[in-house]
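K.L.:
Below are the chains, spelled out letter by letter.
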Amino acid sequence: MMLSLAKKKILIVEDFAEFARSLRAMLHPMGATEATIVYNAQDAIEACKSTKFDIILSDYNLGPKKDGQQLLEELQHEKLIKSSCIFIMITAENTTSMVMAAVEYVPDNYIAKPFNGNLLQSRLQKAMEKKEALLELNRLMRNKQWSEALERIEEVIQQQPKFKMSCLRAKIEALKNLKQLDAGLKIAKEITSVRTIPWALEAIGELYYLKKEYQKSVDIFNQLIQEFPMSVDGYDWLAKVQRVMGMTKEAQLTLEDAVKRSPRVLQRQKMLGLIAEENHDYDTMSKAYRNAVKYGEHSSFCSADEYLQLTSAISNQIRNTTSEGEKEQQIEKSSPKVDIKKSSAEVSRIIESVTKKFPKSQSNLLRCKVAESSFLNACGKTEEADILVKQAIEIYQKLDQQLTEADSLAIAKSLTDMGQTEFAETVVKKAAEQHFEDNQFIIKAAKLCSQPEILQLCKKASRLNMLGVEHFEKKDFSNAAKTFEQVYELAPSHINMALNYIQTLLKLTQSSDDKSSILKTANRVLNSIPEVKFPDPRFERYKELKRLTLLLLESSEKNSKGA
Amino acid sequence: MSATKDDIFNLILASTVHDMKNSLSMLGESLNVILASVDQDKLNSDTKANYGVVQYESSRVNNSLMQLLALYKLENEQLPFNPNYVNVNDFFEEQRLRQLHLLEAKNIECEIDVDESIEAVFDECLLSTVLENIIGNAIRYSKSKIVLSCVQGDTTNILVLDDGPGYPGNMIEMAGSYMQGINQSTGSTGLGLFFAQKIADIHSHKGKNGSVHLSNDGALSGGTFEIRIP
Chain Y
27 MMLSLAKKKI LIVEDFAEFA RSLRAMLHPM GATEATIVYN AQDAIEACKS TKFDIILSDY
87 NLGPKKDGQQ LLEELQHEKL IKSSCIFIMI TAENTTSMVM AAVEYVPDNY IAKPFNGNLL
147 QSRLQKAMEK KEALLELNRL MRNKQWSEAL ERIEEVIQQQ PKFKMSCLRA KIEALKNLKQ
207 LDAGLKIAKE ITSVRTIPWA LEAIGELYYL KKEYQKSVDI FNQLIQEFPM SVDGYDWLAK
267 VQRVMGMTKE AQLTLEDAVK RSPRVLQRQK MLGLIAEENH DYDTMSKAYR NAVKYGEHSS
327 FCSADEYLQL TSAISNQIRN TTSEGEKEQQ IEKSSPKVDI KKSSAEVSRI IESVTKKFPK
387 SQSNLLRCKV AESSFLNACG KTEEADILVK QAIEIYQKLD QQLTEADSLA IAKSLTDMGQ
447 TEFAETVVKK AAEQHFEDNQ FIIKAAKLCS QPEILQLCKK ASRLNMLGVE HFEKKDFSNA
507 AKTFEQVYEL APSHINMALN YIQTLLKLTQ SSDDKSSILK TANRVLNSIP EVKFPDPRFE
567 RYKELKRLTL LLLESSEKNS KGA
Chain F
16 MSATKDDIFN LILASTVHDM KNSLSMLGES LNVILASVDQ DKLNSDTKAN YGVVQYESSR
76 VNNSLMQLLA LYKLENEQLP FNPNYVNVND FFEEQRLRQL HLLEAKNIEC EIDVDESIEA
136 VFDECLLSTV LENIIGNAIR YSKSKIVLSC VQGDTTNILV LDDGPGYPGN MIEMAGSYMQ
196 GINQSTGSTG LGLFFAQKIA DIHSHKGKNG SVHLSNDGAL SGGTFEIRIP
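Read top to bottom, the protein sequences are chains Y and F. Sequential numbering from 27 applies to the first sequence in this note's numbering. Sequential numbering from 16 applies to the second sequence in this note's numbering.
Quick caveat, the hints were computed from the structure, so don't treat them as lab data. Check each hint, because a few of them may be wrong.
[Unchecked claim] Below, simulated DSS-like cross-link-like pairs (lysine-lysine); rule was C-alpha separation at most 30 Å, straight line:
(1) K88(F) - K91(Y)
(2) K152(Y) - K57(F)
(3) K382(Y) - K367(Y)
(4) K188(Y) - K238(Y)
(5) K160(F) - K212(Y)
(6) K242(Y) - K160(F)
(7) K407(Y) - K382(Y)
(8) K286(Y) - K88(F)
(9) K238(Y) - K156(Y)
(10) K105(Y) - K33(Y)
(11) K152(Y) - K36(F)
(12) K215(Y) - K221(F)
(13) K416(Y) - K368(Y)
(14) K35(Y) - K36(F)
(15) K212(Y) - K221(F)
(16) K508(Y) - K584(Y)
(17) K456(Y) - K508(Y)
(18) K313(Y) - K36(F)
(19) K286(Y) - K36(F)
(20) K57(F) - K266(Y)
(21) K205(Y) - K238(Y)
(22) K383(Y) - K320(Y)
(23) K88(F) - K320(Y)
(24) K91(Y) - K160(F)
(25) K160(F) - K152(Y)
(26) K205(Y) - K470(Y)
(27) K215(Y) - K121(F)
(28) K34(Y) - K36(F)
(29) K238(Y) - K584(Y)
(30) K223(F) - K188(Y)
(31) K486(Y) - K367(Y)
(32) K202(Y) - K221(F)
(33) K75(Y) - K546(Y)
(34) K156(Y) - K223(F)
(35) K546(Y) - K572(Y)
(36) K473(Y) - K242(Y)
(37) K424(Y) - K572(Y)
(38) K157(Y) - K202(Y)
(39) K470(Y) - K424(Y)
(40) K121(F) - K237(Y)
Treat the numbers as computed from the prediction; the structure is a model and nothing was measured.
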């Protein structure tokens, strides 16, 4: 079968101009007429904004800025390529190391240099065949239509058994998202009972983790990294499970092993920083976040968080070297002396980068203020620090959006570090109210808060919420509304809880005589929470409930006027 | 601080290999461009043979680079190993395509003798590096034909047969210890077989490891290379 690339829009991304031209020459006999050449990732992104390419051939090494993987991530993340676009990654080395890297977005195929036109044609053909066979399935998976995806998977396995393994992998993923963990586990175990396939073993470990069978999960990930020492996601997973089991020291060692093997992953460095912080190992923490900033510089996943966590690590390194109690310990560990002058310059550079690089949102502004003041405090400049804290309090009181869990915790942690316990507790209590169903968060929050009642409040609210959901499912809307009202009173700023209450009230109006007063309550609750904006995952639900509430309110007012 | 030293060496090795591979790609492609620009009928047989030599030697250099890099990583426990289900027919077809220029230049037929539905579990990239070297050698020594075939039983046996003079007796006897084959006086480095054996060895299943076998009693009455994957 001869592949024809006539009329296909092709983009070649290659920093080596000579090779780019010879690549175009290779495509010529396949009928390619429209091949654009760019020499770096930024130009590729610009090209994709104006043209919808059918095929992209990109070198992995693209010079000092974004590499081929980061290019692919940005193109998919920003939806700059159509779902049928074929992306082939050209690599210098054996491609196995790429295949085993933990990446969210994978190219359709790899090809290692040097290669001839014949091999390129074969890889393109295979990629196109697979893309076409799995196009619909991939669309369903991307849209999170898991049940439909499961049906489609069976069809593809029937029609094209060649893609059975890809289909089974997708099936495990879909079942996992449908919370059918045992069904997913069964398939993965069937695969590994025949052969030890790394991805299937990893799936088993993940499913045990989700089933909260942590010891089994740890055993599986230990097996994975022993049999496949370069399977770096195995280490990431192992550390994650160890952390949940409270083995934070072990988790840190696991991740230190992982970054030795593959340091260039932003998320891995951030995770190491987070765990090192829990272990009060601020030297490792600052090293990890410094790497996160470095390797994330050209990634579309970078955020202000790693920059600000780095300042927090530096502040704590200074506190450790200057505090009397820890001094001897530091000398024993022969920890590098922290140079305050140097650190000070680094912290100002970081704060400057954050303001330049990221949106000037109020939460970023708040975090910068807190980070700066915590650093000044660590350096003994308490007066200057206190001025910044006062400014931070002002920003906090005027926030237009709720802080995320991570932001709340980071701010509270920095405030606690500098002895601002009162402000820290205000932040933690508010956040706890907003996220009380998140156990991991609550455990961390409780550590930052001297008042155990927040834990109690969270437990009570969680219990009531479950009861409310039970009533709702039994269509007992009257009792559901009473229960959700209690939850709302306990945690008035929890958006999902407020939405639960509103949804129940709207249901209740269908069977009630006093529609108008119920709707007024719903409207009052709606107005009491901050506006939820896209891309917040609660946005769709918020928008729909708001629309319904206003619609019903309007018609009820009309009716009462008419009567 | 030895870790840092290793890191630097690793970095230099990887970037040098990258650079050399770019050069090799360029060499090969430039040659193709030159060749395409001349009238094929006017090419004499010497030119064609010389073209074949350049193709063969540059792919040999590339292949040796790959093997060295892989062996270095294996020593340092950094060699990624990712076995997966591979369709053997597709795999062979790609091997043939890799060598197409050389096959044509030397006018050698490459037959693929495998059931289209056969699947086996191995690391495709690593086995590809092994076979590229072995097939290159087979083409070099064969007269008119090589065969790629696969037999599946307890193990998956991948065979490369040629109709050349066969492997020297001392090489066949060396089975299992190809390091001894490194002989500077004959120019045979034995790297290819040593590498094949290492890669066979990291493929294991139910306590059994892969192995490499050489013989001269193949169907084409030349040499037979066999790698058994459990």
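K.L.:
Run every hint past the structure and note whether it holds.
P.N.:
Hint check results:
no.: 1; hint: K88(F) - K91(Y); result: holds, 26 Å
no.: 2; hint: K152(Y) - K57(F); result: violated, 36 Å
no.: 3; hint: K382(Y) - K367(Y); result: holds, 23 Å
no.: 4; hint: K188(Y) - K238(Y); result: violated, 34 Å
no.: 5; hint: K160(F) - K212(Y); result: violated, 47 Å
no.: 6; hint: K242(Y) - K160(F); result: violated, 53 Å
no.: 7; hint: K407(Y) - K382(Y); result: holds, 26 Å
no.: 8; hint: K286(Y) - K88(F); result: holds, 14 Å
no.: 9; hint: K238(Y) - K156(Y); result: violated, 35 Å
no.: 10; hint: K105(Y) - K33(Y); result: holds, 22 Å
no.: 11; hint: K152(Y) - K36(F); result: holds, 24 Å
no.: 12; hint: K215(Y) - K221(F); result: holds, 16 Å
no.: 13; hint: K416(Y) - K368(Y); result: holds, 26 Å
no.: 14; hint: K35(Y) - K36(F); result: holds, 27 Å
no.: 15; hint: K212(Y) - K221(F); result: holds, 21 Å
no.: 16; hint: K508(Y) - K584(Y); result: holds, 27 Å
no.: 17; hint: K456(Y) - K508(Y); result: holds, 23 Å
no.: 18; hint: K313(Y) - K36(F); result: violated, 34 Å
no.: 19; hint: K286(Y) - K36(F); result: holds, 26 Å
no.: 20; hint: K57(F) - K266(Y); result: violated, 67 Å
no.: 21; hint: K205(Y) - K238(Y); result: holds, 13 Å
no.: 22; hint: K383(Y) - K320(Y); result: holds, 14 Å
no.: 23; hint: K88(F) - K320(Y); result: holds, 25 Å
no.: 24; hint: K91(Y) - K160(F); result: violated, 48 Å
no.: 25; hint: K160(F) - K152(Y); result: holds, 27 Å
no.: 26; hint: K205(Y) - K470(Y); result: holds, 26 Å
no.: 27; hint: K215(Y) - K121(F); result: violated, 49 Å
no.: 28; hint: K34(Y) - K36(F); result: holds, 28 Å
no.: 29; hint: K238(Y) - K584(Y); result: violated, 53 Å
no.: 30; hint: K223(F) - K188(Y); result: holds, 28 Å
no.: 31; hint: K486(Y) - K367(Y); result: violated, 49 Å
no.: 32; hint: K202(Y) - K221(F); result: holds, 29 Å
no.: 33; hint: K75(Y) - K546(Y); result: violated, 47 Å
no.: 34; hint: K156(Y) - K223(F); result: violated, 33 Å
no.: 35; hint: K546(Y) - K572(Y); result: holds, 12 Å
no.: 36; hint: K473(Y) - K242(Y); result: holds, 28 Å
no.: 37; hint: K424(Y) - K572(Y); result: holds, 24 Å
no.: 38; hint: K157(Y) - K202(Y); result: holds, 23 Å
no.: 39; hint: K470(Y) - K424(Y); result: holds, 25 Å
no.: 40; hint: K121(F) - K237(Y); result: violated, 60 Å
Violation of the numbered hints given earlier is confined to hints 2, 4, 5, 6, 9, 18, 20, 24, 27, 29, 31, 33, 34 and 40; the remaining hints are satisfied by the structure.
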